[in-house]
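Engineer: The chain contents come next:
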Amino acid sequence: MLENVIANNGFSTALSGMLIVFSGLVLIALAIYFFNLISQTTKKIEQNGEKHNEAEESGPALAFMGDEKIPEDELVAISVAIELYSRLHFEPLQSELTFLHGELTNSGWKTGIKYGQRQSIQR
Amino acid sequence: MLENVIANNGFSTALSGMLIVFSGLVLIALAIYFFNLISQTTKKIEQNGEKHNEAEESGPALAFMGDEKIPEDELVAISVAIELYSRLHFEPLQSELTFLHGELTNSGWKTGIKYGQRQSIQR
Amino acid sequence: MLENVIANNGFSTALSGMLIVFSGLVLIALAIYFFNLISQTTKKIEQNGEKHNEAEESGPALAFMGDEKIPEDELVAISVAIELYSRLHFEPLQSELTFLHGELTNSGWKTGIKYGQRQSIQR
Amino acid sequence: MDVIFKIIETTGFANLAVGNLIMMAIGGVAIFLAIVKKYEPLLLLPIGFGVLMGNIPYTSGLPLGVYDEGSVFSIIYKGVTSGLFPPLIFLGIGSLTDFSSLISSPKSVLLGAAAQIGIFGTYLGALFLGFTNAEAASIGIIGGADGPTSIFLSSQLAPQLLGPIAIAAYSYMALVPVIQPPLMKLLTNDKERKIRMNPPRMVTKKEKILFPIIVAVLAALIAPGALSLVGMLMLGNLLKESGVTDRLAKSAGSVLLDVCTILLSFAVGCSTQADVFLTSKSLGIFALGLLSFMVATIGGLLFAKLMNLFLKNKINPLIGAAGVSAVPDSARVVQHFALHYDKDNHLLMHAMAPNVAGVIGSAVAAGVFIAIFR
Amino acid sequence: MDVIFKIIETTGFANLAVGNLIMMAIGGVAIFLAIVKKYEPLLLLPIGFGVLMGNIPYTSGLPLGVYDEGSVFSIIYKGVTSGLFPPLIFLGIGSLTDFSSLISSPKSVLLGAAAQIGIFGTYLGALFLGFTNAEAASIGIIGGADGPTSIFLSSQLAPQLLGPIAIAAYSYMALVPVIQPPLMKLLTNDKERKIRMNPPRMVTKKEKILFPIIVAVLAALIAPGALSLVGMLMLGNLLKESGVTDRLAKSAGSVLLDVCTILLSFAVGCSTQADVFLTSKSLGIFALGLLSFMVATIGGLLFAKLMNLFLKNKINPLIGAAGVSAVPDSARVVQHFALHYDKDNHLLMHAMAPNVAGVIGSAVAAGVFIAIFR
Amino acid sequence: MDVIFKIIETTGFANLAVGNLIMMAIGGVAIFLAIVKKYEPLLLLPIGFGVLMGNIPYTSGLPLGVYDEGSVFSIIYKGVTSGLFPPLIFLGIGSLTDFSSLISSPKSVLLGAAAQIGIFGTYLGALFLGFTNAEAASIGIIGGADGPTSIFLSSQLAPQLLGPIAIAAYSYMALVPVIQPPLMKLLTNDKERKIRMNPPRMVTKKEKILFPIIVAVLAALIAPGALSLVGMLMLGNLLKESGVTDRLAKSAGSVLLDVCTILLSFAVGCSTQADVFLTSKSLGIFALGLLSFMVATIGGLLFAKLMNLFLKNKINPLIGAAGVSAVPDSARVVQHFALHYDKDNHLLMHAMAPNVAGVIGSAVAAGVFIAIFR
Ligand code: NA
Ligand code: NA
Ligand code: NA
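Protein chains in written order, with my numbering: chain A, 9 to 131; chain B, 9 to 131; chain C, 9 to 131; chain D, 24 to 397; chain E, 24 to 397; chain F, 24 to 397.
Just so you know, the hints here were simulated from the structure itself, not pulled from any lab data.
Hints may be right or wrong, so weigh each one.
No more than 30 Å apart at the CA atoms, straight line, and that leaves these computed lysine-lysine pairs for DSSO-like [to be verified]:
(1) Lys335/E <-> Lys208/E
(2) Lys304/F <-> Lys61/F
(3) Lys130/D <-> Lys61/D
(4) Lys52/C <-> Lys29/F
(5) Lys60/F <-> Lys29/E
(6) Lys51/C <-> Lys337/D
(7) Lys130/D <-> Lys29/F
(8) Lys101/D <-> Lys217/D
(9) Lys61/D <-> Lys29/E
(10) Lys101/E <-> Lys101/D
(11) Lys214/D <-> Lys51/C
(12) Lys130/D <-> Lys51/C
(13) Lys229/D <-> Lys304/F
(14) Lys51/A <-> Lys61/E
(15) Lys229/D <-> Lys337/D
(16) Lys52/C <-> Lys228/D
(17) Lys60/F <-> Lys228/D
(18) Lys60/D <-> Lys229/D
(19) Lys101/D <-> Lys214/D
What you are looking at is a predicted structure, and each value in this text was computed from that prediction instead of being measured.
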C-alpha cells in the first residue's frame, strides 16, 4: 500500500503540514514572548519613573498570596460571595431600577433600556 | 448632478416620505393622546362613583412618592431586594418544588411541568 | 358523504390506527410494569442478602415523610434554600473559582475551562 | 404629485378589506384571552399579535408576508412548514416534564391511549365532510390536544390548512376548563367522583433514566413516523433525568423552547391572512376540532369506567378525561372538579399520568398518519 | 518540495495586500474604541474582530469568506443579507425597552419624526452624488441612527453596500457624544438650555400593554414596509409588558438578542474585504453618513424650537436632538449637556421619549423606501 | 384488512435488521458510559440516544432520517454537514476558556505543536490502508482530540465518513484516562515525573485581551483554512476577556454552546444507520483513531524530553502528553499521574498550557488540510 502513500505525496504533505503547524505555533509563542518582554520593560520604566497607584493597575485579576496562608473556610466564603456578586451584577437583567441623585420630585425614575450602549461607563 | 436627483423624482420622494413618517407618528401621538384622555375620564367617573380599592388598581407599577424623601440607603436596599426576588421567581427554573396544603400523606409532591400553561393564575 | 369515507378506507384506517396507538402504549405500559417488577425483586433479594447503606440508594430523590408533619414555614424555607443552592451550583457560570488543597504557593489558581468534561465527578 | 399618490396607494389604509378587519378582531380577542383571562398566554399572545400583523394589507409584490418568497416572515415560517420547530419545542418540553406519575402507574398509560379515539373519530368526521385523507388526518389530530403535534402533522400532510388547524388546536386547549367539566358531570356519578386513589409510589432515579430510552425506542418501533416528535421529547427528558447533562437540559428547556415558541406562534398567527383563512373549510375545521376534544374526553372517561370493571383498586374515572393531554390543563381541571365533591381528594398527580401518556399517544397517532399518508 | 511551495503559497503572508493591512488597522481601531473608549462595545468589538478575520487573504477557491458560496461565514452572513437578524434583534430590543416616557408625552413623538429629515436629506445628497435610488435610500437611513434598521434596509435595497453602510452607521452612533454637542451649542441659547420640564406622569400597566399593539398596527398600516421591523419590536415589547409571558421576553432579550448581535456584527465585519470595501463609494457613504447625523440633529433641535412657539408648557429644545435615536446614547448626551448649565435639570427621561420615537420613525422611513423601491 | 397489513409493514419491528440491533447496543453502551462512568456526558449522551433513534428502521420513502431530503433530522444534520455547528461550538468554548496558563508560558506552545504529529502520522497510516487523501486527512485529525475540529474537517473533506470519525474522536477523548497513563509510564522515568515547575506568573488583563487577537491573526495568516475554527474560538475568548461584552460571552458560552452541542451530537448519532456505519472502513477508522491518540501522546512526551536537553528550567515531560488537547481531560490525567509520585506536585495549570495550545495546533492542522485538499 506504500504506493498509495507515494502516489498521494503523503510524506511531503505530512512533513510540510507539520512544518506549518510548528511555524504557526512558534510565531504565536514568539508573539507572546515579545509581548511579555515589552510589558515587563514598560513596567520597569514606569516603576522607575514614579510610584503610581498599584490597585488601579492590577484590575480584576486575582492577586496570588505567595506564602501567606488563608484558612480554607474563608476561601470558600470569599468565592461564594464573588459568585453571588457576579450573579447579581454581571447577568443581563430584563429591567433595572435606577435611582438618580438630586431633587427626588424630578428624578425618581425607572428605565428598562439597557441595550448595547456604553453602559459600563456609568457604573 | 442635479439631473440625477430630478431624474429619480428625488424631491417628491423625499417630501412624501417625510410626510408619511410624520403622518404615521402623528397618528400614534393622537392614539396615545386620546387613549390618555379616555383613561383619565374613566378614572374620574370611577372616582365619583365609588371609593374602590386603590391598591388593586395600581398593579405592579411603581408608586412615585411625590415630595416624601426616602433615604438613599433604603432605596439601594429595596432595589437589591427586588432584584433578588425577581431573580428567584421570574426566571424559568428547570424543575420546581411545590407543596400543596391538605393531608400530607396524599399531597406531598413535586412536578417539573411548567410549560405554557396558565401558571400565573395559581401563584 | 359516506362514500368519501369508504372510498378512502376511512374505517379500516381509523381502526388500525387506534390499534397501533393501543399496542404502542400497551407495550410501554408492559415495559414499565416489568421494569417495576424486576426492580422490586432485585430490591427484595438485596434486602434479604445484607443490610446496606440506604442513604446511598435513595439518591437525589425526595424522601416522602409518610405521616410525619412538617411545618409549612419550614417547607417554604427548605424550598427557597434548594432553589438558591441549585441556582448557585447548577447554572453554568462563565468562569469559576476553584481552590485546591495542598501547598498554597503551588496551587492557588483559577480556571475558566469547564466545557464538556466529566466535571460532575470532581464535585 | 404622482409619487405621493403612489405612496398613499402603498399604505395599508388604502387596501384594508373587511376580512382583514374581522381577522384583526380575532387577533385582538386572542390577545385579550391571553392577557386578561391568562389562557395559554405563552402561545395565544404571540399568535394573536401575529394575526394582527398578518392582516396588515400591502401591495402585492412586496416581500413582507409569510407566503412571500424571501421575506423575513417567510424565513421564520419555514421553521413551521419544514416541521422543525415542533420537535425542538418537544425537546424543551421533555426537559421540563416529570414522568414520575406515569412510571408509578403503568395502567394509566391506557387512558392516554383511549383518549386518542377523539383523533380517529374526527378523522372519520372530516372524511365525511369531504376532506381528503391527508387533510382529515391533520384535522383529527386537533383532538390530540398537543399544539406542536398538530402543527407538525399539518406541516407534513396538509400545509395549506396549517393556520386554521393550529389556531383551532390552541383555542380549544385554552378552553379545556370550559369544554371538559360538563362532560365529566354527564358521564360520572357522585360515587365515582369521590373515589380516592392510593398515593403514587416513589420512583427511583434509575427508572426515570430508563423510561425515556424505552419509550422512545418502543414508540418509534411501533410507529416510526413518531420518530421526530417522540425522539426529541424523550431526548429532552433524558438530558434532564440523567443528572449528568443539567446544563443541556436547562438550555433546551429555557431559551431554545422560548425562542421556538415565539417564532412558531407568531408565524402561525401571521399565516392567517384573511383571504387564506376566512373560508368554509376553516369553519369546518373549527367545528370538527370541538367535536374532536369532546370525543376524546368522552373516550377517556368511558374507558376509565370500563377498566374499573376489571380492577380491584378502582381508579377515579375523572382522570380518564386528562388523557386528552393539553398538559397540564386537563389534569388541573380534574383536580378542581374532584375537589368540588371531596375537598381532600387530590387527584392532580394521578391525573398527570394519563395526561403525559396522552402526549405520547397522540405523537404515535401522528406517526401512524405520517406512515400511511406520506 | 512542490507540496511545500504549494502550502507556502496558500498562507496568508504570501497574499497579503496593502488594502488588507489598511482594513486590519481599521479593525484594530474599532476594537480599541470598543474596549478602551467603551464606544458601543457590544457591536464594535465583534465588528472589529470581523474586519480582521475578513481581511486575512487566502487563495481564491477556498470556501472561507462571507462571499464564498457554502462557507460557514457565508451561512452566517445569509442571516444578514436575508434581513433575518435585524428583526430578531428588534424583537430583543423591544423586550428590553420601556416606552413609558413616550406614552406620557405624546407630543415628543413629533420630535422623533422631525429628526428623520436627516434620512431624506441625505437621500437627496446621495442622489446628487450619483448613487441610484435604492442606494441613496440605504445611505440616507444611516441618519436614522439605528444599526438594525440600516442593515435591514441595505439588505433589501442595496446589499452590495451593506458593509460600508453598516460600519458607517455604527461608527457614527458611537460618535454621537462627539457629533451632537457642538450642534446643540450652536442652535440653542442659554435660556433654552435651562428650561425645566414637568416630571412625566405615571403610566398605567394597561397603557403599556395597549401601546405596542396600537403602534404596530398604525405604523404597519401607514407604511407596510415597516412590518418586519416595527412588528418585531412591538411584539418584543408586548411580551415584556403583558406580564404573562415573562419567560419569553427574557429569552428574547437575552440570548436571542446576544447571539444575533454577535453573528450579525461579526459577519458585517467580515464583509469588509479590502477589495470590496476600499472604494470611492465607501468614502462617499462615510461623508454622507456624517452629514446625515448632523442634519438629523439639527432637524430635531429646530423642530423643538418651532413647537415651542405654539406650546404653553415649553419643552427644552435639547431633547429634540435625541430624536435621532441611537438609543439611549443621544438621550444621555442631552442629559449631560443640560446638566452642564443647570446641575439639577434632569432631562434624561424627557429625552427618552423622542429617542425611542426616533426608532419607530426611522423604521417607518425604511418602510416607505421599501414600498417605493422594491 | 389490507390497511392493517400495510400499517404493520410500516412498523419498525417488521424491518429490524441485525445491524440495527448491533448499533442500538453500541448506542446503549455510549449512554451507559455517559451516565454511569460520566465519560464526556454532554456529548456521549446525545450521541448514544441519536444512535438509538438513527437505527429505528422505517419503510424507505418516509422523510425521517438524517439522509432523507426534507426531514426534520436532515435539517438539523445540515448544521453538521455544512460545517456550521463546530465553529459556533468553538465560539462558546472560547468564551469559557482561560488562556492565562498559555500566555505565562510561551514555550509550552511548542508541546501543543508536537502532539499534532499524531495527526500527520495517522494521515500517512490511513493512506497506507488505501484511503484517499481527503479521507486520510479527516481520519488523521482524530489525533487532534478535538471533537468540533474533527467534525468540521470531515464535513469539508469526507462527509461520507463523518459518522465513524465523530464517534471515534469522542470515544477516544472519553478514554483518555485509559489510553495515556501507560504511555506516560513507559516513556518517563521516576525522576522526570517528579520534576516540579515554577508557579506560573500573573497575567495582566491587557495580555489576555491581546492574546486572542494576535493568535487569530497569526494562525489565520499561516493557515487560512483555520479561519472558521480559530477565528470563532478567539472571538469567543475576546468577548470574554475584553470585559465590555460580558453578556455576549455569557450567551455564547451557555445556551448557544448547549443548543449546538445537543443538535450536533444527536444528529451525528442519528447518522450512524447500520447500513452506512457497519463497514470495514469504520473498523479501519477506529483502529487508526486509537493509533492517532497514541502517536500524539508519544509525540508530546518525547518532544518535552527533547526540549529539556536545551532548557535550564526543566519542564516536567508529563505535561507534553497534555498537548493532544481533549481539554481539560488530558491535563487532569497529567495532574493525577504526577500526584501519584509526589503528592504535592500540582501540574494541572502547567499542563493546561500545552492542552489549550493543542486546540490551536489541531485547528491549524485542519486548516492546512483544507487548503491542500479542497
Ligand atoms: Na394528546
Ligand atoms: Na431613528
Ligand atoms: Na488538539
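Engineer: Mind listing which of the numbered hints don't hold for this structure, in increasing order?
Structural biologist: Failing hints, ascending: 3, 4, 5, 8, 9, 11, 13, 18, 19.
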